[in-house]
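Enquirer: When you get a sec, could you build the whole thing from the sequences and use the hints?
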Amino acid sequence: MKHLFAPAMAIARKDLYAEWKTKQTITTMLIFSGLVIVTFSFAFDPSNQAVSALVPGMIWVITIFSGILGLNRSFTQEKQNDHLHGLMVAPVDPSAIYLGKCLANLIFVLLVQIISVPLLFLLFDFQVISGVGLIYFVMIVFLGTFGFIAVGTLLAALATHSKSSEMLLPILLFPLVTPVVIAAVQATRIVLVDQEGVSAALSWMQLMAAYDVIFFVVGFLLFEHVLEV
Amino acid sequence: MIETIGITKTIGEKMILRGVNLRINQGESVAILGTNGAGKSTWLKIVAGLLKQSNGDVLLDGVPRKKDDYSQQQRLGYLGHQSFLYEAFSPVENLQFFAKLYQLKSPDKRIHQLIDDVGLSFFKHEPIRSFSRGMIQRLAIARAILHEPDVLLLDEPHTGLDQQAVSLFNRLLLDLKAEGVTIIMVTHDFPQINAICDRAVILRKGKIAEDECIRGRPVSWIHSLYEGEALSS
Amino acid sequence: MTNEQSELTGIVPSKLHKVLLAIAVPMTLVAMYLVFIWTPIERMMGPVQKIFYFHVASAWNAFFAFFIVFVFSLLYLFTKKRSYDLIAGVSGEIGVIFTAIVLTTGPIWARSAWNTWWTWEPRLTTTLILLFMYIAYIMIRNLDMEWQKRARLAAVFGIIGFANVPIVYMSIRWWESNLHPVVMSEGESAGGGLEPSMLFTLIFSVFTLMLIYFILLQKGLYVEKLKLQVKKMKAKEQEKMIS
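Residue numbers (UniProt numbering), protein chains in the order written: chain Y, 1 to 229; chain R, 1 to 233; chain L, 1 to 243.
Don't read these hints as lab results, they were simulated from the structure.
Incorrect hints may appear among the rest.
[What the hints assert, rightly or not] Calculated pairs, DSBU-like style, for lysine-lysine (alpha carbon to alpha carbon, straight line, at most 30 Å):
1. Lys207/R with Lys234/L
2. Lys14/R with Lys2/Y
3. Lys80/L with Lys66/R
4. Lys219/L with Lys14/R
5. Lys14/R with Lys236/L
6. Lys219/L with Lys205/R
7. Lys50/L with Lys52/R
8. Lys240/L with Lys207/R
9. Lys225/L with Lys207/R
Values in this document were obtained by computation on a predicted structure and should not be read as measured data.
Expert: So this is what it looks like as structure tokens:
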């Protein structure tokens with residue numbers, strides 16, 4: 001345990017601090033999600049009332065596309081000076097690297113969502129929910145993003161072994177995250193648009209929670225096999 | 001101290017190491033020599049724990065290396081081809097991060113001391129992005145010895161250093177040697193071997209071909225040892 | 001070295017392979033007879049229904065192939081034996097072929113049965129995602145690096161991929177039933193409303209295809225091992241030329 005949490009925290013803090021200094025990843029992710037929103041406005045006429053039904057899907061398209069950018073960076077930046085070797089020769093559990101990276105990536109994506117989702121609501125003139133619905137919404141976003149990051153971090157580490165990891169990662173990742181995408185979009189739609197079948201939203205959230213737990217544990221256990229040189 | 005028994009390693013179809021039996025005692029400084037592809041770096045990486053051997057054992061003080069025995073890892077310092085340092089960070093920040101990984105208690109004093117030792121006092125808070133190869137290598141050695149390891153594993157540490165940097169680097173290594181740190185160095189640089197090492201091990205085609213004491217021998221002698229082996233087969 | 005060589009001996013097709021092949025030929029012919037002549041033509045759908053025997057049998061064997069990938073990926077991670085990695089790889093490739101058969105026969109059937117080429121029906125959608133997943137698996141297997149590392153990465157993906165299958169199926173099924181709770185997929189379910197002769201034919205064709213799967217697996221392994229042998233001989237010759 002001693003070689004798990006403390007190094008994981010150190011790695012996560014290192015990533016966040018490096019990001020604070022360069023601001024490269026977050027900026028890119030934000031600009032990219034802004035561009036996706038603009039593209040949506042061309043694809044679906046924002047003045048049309050029916051378009052509000054598409055907003056839940058848009059939230060997750062933004063999350064996944066900008067998330068992929070962050071995930072790609074997460075491990076390719078560690079390859080520049082063989083940083084991963086530096087982490088591996090240290091007395092650090094390989095799973096600590098997974099844990100730390102997951103945490104950092106999760107924070108990046110959540111930060112992007114905090115800015116881009118309200119922007120989406122604003123630009124598409126979406127009726128903002130309040131009260132209990134908002135709490136549900138936040139929980140759904142968190143659960144969905146966590147599942148996406150748990151799988152994404154493992155696969156990003158896997159893909160970095162390839163010379164063209166940026167191309168490989170989406171192909172590996174998208175089929176695997178389908179359950180969480182379906183569940184997240186459905187639950188978000190129920191909470192934001194229908195506002196009636198809260199129980200259905202709850203069962204979707206249970207599905208996401210189960211997915212999160214399974215893939216977090218699997219990633220935690222398998223990470224050392226992905227890491228070795 | 002460190003012992004490898006019958007280490008073999010196959011990468012792809014190629015057998016890189018074919019049974020390396022080597023015993024290195026506390027306080028020795030050993031140079032590992034050999035042509036490209038002889039398996040020097042691979043052997044060093046296995047000892048460092050970066051690679052897993054296909055067969056054989058690595059013993060540290062008679063205890064076999066285990067995957068989750070982190071106290072063994074704590075006793076090794078490894079300096080690879082790359083520096084492992086983060087370009088956006090200053091020397092102090094880099095060392096602070098590694099101090100956290102090694103879970104050192106109150107590392108600040110040691111960090112500043114080390115940075116002074118390697119002669120980077122004026123650049124303490126500059127991002128290392130703009131550093132020259134020599135400065136980075138100095139900081140890299142500081143990183144490798146930050147946690148006061150008993151064994152220092154160096155993979156071609158002199159490549160790309162100018163004369164001044166080499167002499168500073170050698171002085172550092174000799175200081176460590178005087179403190180009783182075991183130094184194992186993979187290299188091609190014969191004058192530096194002469195300056196630092198007591199013993200030379202020559203690997204050929206994944207096996208130990210020569211294992212000689214080189215203390216007091218001239219550079220040319222080491223050269224002929226190395227060349228002679230290369231010619232004889 | 002000796003270890004690996006012993007693993008790769010027996011490069012000629014084994015006796016078992018020949019026996020299996022000898023059984024497979026008549027079995028396939030019998031299956032054809034059962035499918036096209038013996039079973040009655042379904043009243044509602046007509047002759048198109050015959051495709052269902054191939055469709056379902058391929059689907060079952062695709063799942064079986066991916067299950068084998070999962071098992072041998074786990075085995076590889078624990079033992080690091082090359083033959084396990086080869087089995088997983090070959091099985092993955094065969095699985096993709098079976099999945100492709102499912103995804104081509106499915107729409108042909110759907111066109112005449114439901115008057116549409118494609119529906120986002122849980123089983124079809126899951127199969128589509130399976131196809132993407134195992135194409136990704138094959139892409140990992142084609143990465144340019146030493147085999148030990150590639151095998152390790154592929155094994156990790158083979159494991160998480162298979163663990164994902166039930167979750168994908170469940171979520172899609174749920175999604176589908178929430179959208180439009182129509183039970184048009186029920187007509188396809190095995191057993192249920194099937195006449196005994198049809199059920200027998202279905203089971204028979206499942207086993208025939210499974211036999212073909214094993215033959216293909218053996219053949220694939222044989223080809224892979226030959227490739228390795230050639231590579232080794234080439235390396236030996238090159239070494240001779242250099243020194």
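Enquirer: Against this structure, judge whether each hint is valid.
Expert: For each hint, the structure was consulted:
1. A hinted pair counts as satisfied when its Cα atoms are at most 30 Å apart, and Lys207/R with Lys234/L qualifies at roughly 23 Å.
2. Our distance criterion of 30 Å between C-alpha atoms is broken by Lys14/R and Lys2/Y, whose separation comes to about 38 Å.
3. Between Lys80/L and Lys66/R the alpha-carbon distance is near 17 Å, which keeps this suggested pair within the 30 Å criterion.
4. With a CA separation close to 26 Å, the supplied pair Lys219/L and Lys14/R stays within the 30 Å bound.
5. Between Lys14/R and Lys236/L, the direct Cα distance comes to roughly 10 Å. Compliance with the 30 Å bound is thereby established for this hinted pair.
6. A threshold of 30 Å between alpha carbons decides the hint, and for Lys219/L with Lys205/R the separation of about 36 Å lies outside it, so the pair is violated.
7. In summary, the hint linking Lys50/L to Lys52/R is not supported, as the alpha carbons are separated by about 54 Å, beyond the 30 Å threshold.
8. About 19 Å separates the Cα atoms of Lys240/L and Lys207/R, which keeps this hinted pair within 30 Å; it holds.
9. Proximity of Lys225/L to Lys207/R is assessed by CA-CA distance (about 28 Å); at most 30 Å being required, the pair is judged to hold.
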